[in-house]
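For reference, the chains in residue letters:
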Amino acid sequence: MSNREQYKKAFSVLQTSSDFTLEDEKMAILKKKAMLRTFATAAAACLVIVGGSGTAYAANVGGIQRTIQLWMHGDQTDVTIDFDGSGNYTMEYTDTDGNTREAGGGGVAIEADGTERALTEDELILHLSREVDVSYNDDGKIMLYFQGQAVDITEKFENDTCYVFLNGTDISLYVTVLKEKDGAFHIASSPDRYLQFKETEPGIYTSY
Amino acid sequence: MRLPVQDLMNMYKNNVYAAAFSICKNTSDAEDVVQDTFLQYYMTYKNFDNEQHIRAWLLRVAINKAKNIQSSFWHRKGMPLDDFIETLSFETPETKELFEEVMKLPEKYRVVVHLFYYEDYSIKEIAKILRTTESNIKVRLSRGRAKLKDALKEGWEDEQ
Chain A
1 MSNREQYKKA
11 FSVLQTSSDF
21 TLEDEKMAIL
31 KKKAMLRTFA
41 TAAAACLVIV
51 GGSGTAYAAN
61 VGGIQRTIQL
71 WMHGDQTDVT
81 IDFDGSGNYT
91 MEYTDTDGNT
101 REAGGGGVAI
111 EADGTERALT
121 EDELILHLSR
131 EVDVSYNDDG
141 KIMLYFQGQA
151 VDITEKFEND
161 TCYVFLNGTD
171 ISLYVTVLKE
181 KDGAFHIASS
191 PDRYLQFKET
201 EPGIYTSY
Chain B
1001 MRLPVQDLMN
1011 MYKNNVYAAA
1021 FSICKNTSDA
1031 EDVVQDTFLQ
1041 YYMTYKNFDN
1051 EQHIRAWLLR
1061 VAINKAKNIQ
1071 SSFWHRKGMP
1081 LDDFIETLSF
1091 ETPETKELFE
1101 EVMKLPEKYR
1111 VVVHLFYYED
1121 YSIKEIAKIL
1131 RTTESNIKVR
1141 LSRGRAKLKD
1151 ALKEGWEDEQ
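Those sequence lines, one after another, are chains A and B.
The C-terminal residue of the first sequence carries number 208 in my numbering, and the numbering is unbroken.
The C-terminal residue of the second sequence carries number 1160 in my numbering, and the numbering is unbroken.
Don't read these hints as lab results, they were simulated from the structure.
Be careful, since some hints might not be right.
As the list claims (entries may be wrong) - Using C-beta positions, here's what the derived DEER-type ranges look like:
| no. | chain 1 | residue 1 | chain 2 | residue 2 | range |
| --- | --- | --- | --- | --- | --- |
| 1 | A | Asp152 | B | Lys1138 | 30 to 36 Å |
| 2 | B | Pro1080 | A | Thr169 | 47 to 53 Å |
| 3 | B | His1053 | A | Gln76 | 39 to 45 Å |
| 4 | B | Gln1052 | A | Gln65 | 35 to 41 Å |
| 5 | A | Glu155 | B | Gln1006 | 19 to 25 Å |
| 6 | A | Thr169 | B | Leu1003 | 24 to 30 Å |
| 7 | A | Gln15 | B | Ser1142 | 28 to 34 Å |
| 8 | A | Leu126 | B | Ser1142 | 51 to 57 Å |
| 9 | B | Arg1131 | A | Glu5 | 28 to 34 Å |
| 10 | B | Ser1028 | A | His186 | 44 to 50 Å |
| 11 | B | Thr1133 | A | His186 | 24 to 30 Å |
| 12 | A | Glu5 | B | Lys1128 | 33 to 39 Å |
Every residue, glycine too, gets a C-beta built ideally from N, C-alpha and C.
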């Protein structure tokens, strides 16, 4: 008997007892169960941080955790977001390949009188729901993701810059993507016009 | 293309379970991985090229989920591996010994050996599923085989 045949015989004894059907009720329970596990993992990780860092603990006091659905790389995904009440957020989600991903950010709003204030939870969620992302897929194509859309923009670059108009569910955006030599992308979007990056400072852009 | 999740469950649940078990070495965690993997398929909007693309995706998701469980604090208490092995009905003492020796391999060798010998994937395909280089997979497979040969002697053909 070959190694392969013997191996298959050895592992064919493993039979799962899992047998779930697609009844809505049961799927909802399974979904909740999967989310609870994610939450438990996050909570356990949080306790470690609390034990090791007073600063992290202080930042978490008064924070709010919410689980919402966001479009991540063209897939509607459950995302657990922690808001610290000061305009910052950290979020965790499982991508389509089963990897646990973490991301974070934050920002301020500038009022009419010039004063700055921390973004609210709802403003941050709105920002995240309208976020444009660009990355390479498994086939080496450059894909632009916006809400439920995944657009192949590989052939749309001229002088390493690409302009795309996107119709979203609640907003339309003019998107400019700049491809750097190291493979990184800079993205700028506006509901009014295309923005153009300054040649020497890709992080800075002006109206096109 | 998409296939009904129920059909995929019937076709691949034991493959997904075996791949998860080869990492978790724990039936409870492996059962969770099976459910979570098919649930993720159900919830994703991803389109696939063909059935083999779906199969590879399911195995990749299962392997990643199993690794996540391994590296998290969230382990379910299950039967110790030795006790669990005693509950399995192996055809021969040799296949039982092979199973035990595979379970003793380091995880990074175990998963490659499993995908090669059980799922019949090539080195190139395994590299794609595990998102690493072919040379890395060759090394892991070679070292896994060497360890099995060392432990099983005549019970494992030399393929080096």
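Cross-check of the supplied hints:
no.	hint	in the structure
1	A:Asp152 x B:Lys1138: 30 to 36 Å	holds (33 Å)
2	B:Pro1080 x A:Thr169: 47 to 53 Å	holds (51 Å)
3	B:His1053 x A:Gln76: 39 to 45 Å	violated (21 Å)
4	B:Gln1052 x A:Gln65: 35 to 41 Å	holds (39 Å)
5	A:Glu155 x B:Gln1006: 19 to 25 Å	violated (39 Å)
6	A:Thr169 x B:Leu1003: 24 to 30 Å	holds (28 Å)
7	A:Gln15 x B:Ser1142: 28 to 34 Å	holds (30 Å)
8	A:Leu126 x B:Ser1142: 51 to 57 Å	holds (53 Å)
9	B:Arg1131 x A:Glu5: 28 to 34 Å	holds (29 Å)
10	B:Ser1028 x A:His186: 44 to 50 Å	holds (46 Å)
11	B:Thr1133 x A:His186: 24 to 30 Å	holds (29 Å)
12	A:Glu5 x B:Lys1128: 33 to 39 Å	violated (25 Å)
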